[in-house]
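K.L.:
Listed below are the residues making up each chain.
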Amino acid sequence: MAKNIRLGLGALVGMLLLRNLYIILFNLPDEMEQGPVYRIFYYHLPAFFAAILCYITALVASSMYLIKKNLRYDAIAMSATEVGLAFAAVNLITGMIWGRISWGIWWAWDARLTWALICWLVYFGYLMLRQAIDDPTERAKNSAVLSIFAFVSVAITYKAIEWWRTQHPGPVLSIRTGKQLIDPVMENMLYMNFLALATLAVLMVIIRLNQEEMQRQIDGLRRRAHAI
Amino acid sequence: MVFLQIAAKDLRSELRTKESLNASLSFAVVILLLFSFAFDPSSEAVAEFSGGLLWLVFAFAGALILNRSFARELPNDCLEVLIASPVSGAQLFLGKTVASFVLLMTIEVICLPIFGIFYDITWTPQALPLLGIFALGTWGMTILGTLFSALTVNLSLRELMLPMLLYPLMLPALMAAMRLTTILLAGNAIAGNDMVWLRLLIGFDIIFTVLSLALVETILVR
Numbered sequence: 198m199a200k201n202i203r204l205g206l207g208a209l210v211g212m213l214l215l216r217n218l219y220i221i222l223f224n225l226p227d228e229m230e231q232g233p234v235y236r237i238f239y240y241h242l243p244a245f246f247a248a249i250l251c252y253i254t255a256l257v258a259s260s261m262y263l264i265k266k267n268l269r270y271d272a273i274a275m276s277a278t279e280v281g282l283a284f285a286a287v288n289l290i291t292g293m294i295w296g297r298i299s300w301g302i303w304w305a306w307d308a309r310l311t312w313a314l315i316c317w318l319v320y321f322g323y324l325m326l327r328q329a330i331d332d333p334t335e336r337a338k339n340s341a342v343l344s345i346f347a348f349v350s351v352a353i354t355y356k357a358i359e360w361w362r363t364q365h366p367g368p369v370l371s372i373r374t375g376k377q378l379i380d381p382v383m384e385n386m387l388y389m390n391f392l393a394l395a396t397l398a399v400l401m402v403i404i405r406l407n408q409e410e411m412q413r414q415i416d417g418l419r420r421r422a423h424a425i
Numbered sequence: 003m004v005f006l007q008i009a010a011k012d013l014r015s016e017l018r019t020k021e022s023l024n025a026s027l028s029f030a031v032v033i034l035l036l037f038s039f040a041f042d043p044s045s046e047a048v049a050e051f052s053g054g055l056l057w058l059v060f061a062f063a064g065a066l067i068l069n070r071s072f073a074r075e076l077p078n079d080c081l082e083v084l085i086a087s088p089v090s091g092a093q094l095f096l097g098k099t100v101a102s103f104v105l106l107m108t109i110e111v112i113c114l115p116i117f118g119i120f121y122d123i124t125w126t127p128q129a130l131p132l133l134g135i136f137a138l139g140t141w142g143m144t145i146l147g148t149l150f151s152a153l154t155v156n157l158s159l160r161e162l163m164l165p166m167l168l169y170p171l172m173l174p175a176l177m178a179a180m181r182l183t184t185i186l187l188a189g190n191a192i193a194g195n196d197m198v199w200l201r202l203l204i205g206f207d208i209i210f211t212v213l214s215l216a217l218v219e220t221i222l223v224r
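Residue numbers (my numbering), protein chains in the order written: chain A, 198 to 425; chain B, 3 to 224.
Source of the hints: derived by calculation from the structure; they are not laboratory data. It should be emphasised that the depicted structure is a prediction, and the values quoted were computed from it without experimental measurement. Every residue gets a Cβ at the ideal spot worked out from N, C-alpha and C, and that includes glycine.
Distance windows between CB atoms, simulated:
#, chain 1, residue 1, chain 2, residue 2, range
1, B, Asp122, A, Thr334, 51 to 59 Å
2, A, Asp331, B, Val32, 31 to 39 Å
3, A, Gly367, B, Pro88, 52 to 60 Å
4, A, Met293, B, Ile209, 28 to 36 Å
All chains, full assembly: derive it from the sequences and hints.
P.N.:
Here you go:
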């Protein structure tokens, strides 16, 4: 049953991604000022939101762990953080490619970019901390606390384009600005691709959780084999 | 006020051995020396990044002090005894933070004149506001650093993990402190647009003090 759900979700994500890619490449026109390179935004922005979604999941799961002390929440927090890091990497790399074309440099040290990188490093530190602790409950407890602290940097990254004067484009989505700054067709495409990437993120978290569950079963069997 | 007794205990044992105080002070001076090779120390441009330079030195020296904060209690299982004692986790944590804060402030106050001599910076006109900024920035660093010191105390990679976790997370405070220190070292007062940085620094201190005091009990109790 669980396997079928994963397969179904996988097929759905695959179709969505292919459909979106086709429309982005062949149906949508070039942007007026930037030309074809603007298409990278259809991955840049949704990947950022998918990463934020993962970090929020990690925050909630970590807080739940501290309240309920159930290792299942710890596994969710870890899986969500790993997947979030992957999407944040997509966000950073697509941003760098766009920057190379539009600004002429790979990396501009402005507030949004810097904070996105800090965020990535903080969560990478979270995974490093997990690796350094052997005892499962000790690991779960300490990393949950770190995850809560780490979320502060996500909040700052999200707000960075408003707080500092940056080279990074300001908010464009109508739900955030209240105005229609970009063509509705293009904005809808952003939402569609967000849907695709967010579903992909959910699928990846489920797969990762499954691996974690299996790992625990293997560890249990190994301990039993040792006892015999 | 039990936390003051914990702080006094830490400071007393540190003053008797002076192990982390001496190590981080000499380390700070070595870094000050190293920086002079990275760029021309007599150029005018030094004034523009003097705050950043100084705070990098403090951050490196701070990591040494903070590493010892909880690690000092490891021999003879002192940490277990402290946790088992009727002192609350928050008090224990606050005491350790205050002790590290005092040690780090001492190092900073010694480093400032040395920095002034090496790089030809006149820091005396704004000495008092400068000390205030040092105190705010150092408090942010020690509150977060002591928490991570407790978090990483049992790890074999402790010395590596603490700076790896601490530096990215304390960046808001570090950024603000660097900026404000540069302004003050140039002889100007903090006013107008720069108040944003002061607010950021104070906000950081408050948020992380509250968050740390709320969560430290969970870390200490096994």
